[in-house]
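Chemist: Construct all of the structure, not just a fragment, from the sequences and the given hints.
In case it helps, our numbering puts the sequence shown at residues 1 to 120.
Derived by calculation from the structure, the hints in this document are not laboratory data. Every value quoted in this text rests on a predicted model; they were computed, and no experiment measured them. All the given hints hold, so there is nothing to weed out.
Each pair of labels, with its calculated beta carbon distance range:
#1 Ile15 <-> Arg66: 42 to 52 Å
#2 Met5 <-> Asn80: 48 to 58 Å
#3 Asn3 <-> Ser105: 35 to 45 Å
Glycine included, each C-beta is placed from N, C-alpha and C at the ideal position.
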Amino acid sequence: MNNIMVKRVSILTGIILLILTILLPLFYSMTAIVYDEGDFGIHFVIKPYPMSEIVFGGGEEGSWKRDNPNEPLPWFLTYNYTAICHDDWEGDEPICSTIYIKGYSIIKDSGLFYMDYFLD
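Modeler: Next up, the structure:
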């Protein structure tokens with residue numbers, strides 16, 4: 001009986017370590033929050049390729065184009081992403097972006113988010 005319990009605990013520990021060290025960093029490297037320029041809209045999206053940044057966009061309408069003249073528009077301004085959910089700051093605080101960013105800060109502060117070294 002005791003031997004079976006030890007095996008279950010070790011399997012559960014292995015699954016938790018797998019989630020924390022591989023799946024969560026992979027999730028955050030492929031998803032992001034995109035703020036609309038000149039608007040209160042927020043999109044929780046799947047990025048077109050992995051990268052360590054998780055927040056894009058925002059500011060005045062056309063601010064990216066003014067700051068980067070003669071440059072092609074980036075993926076988050078050409079809508080080259082798959083939106084998972086859309087929210088807005090007009091009402092209350094957007095729940096999907098709040099949970100996402102707080103989860104990222106917990107993972108980042110724990111030192112488990114090692115993907116930064118490989119993606120940049």
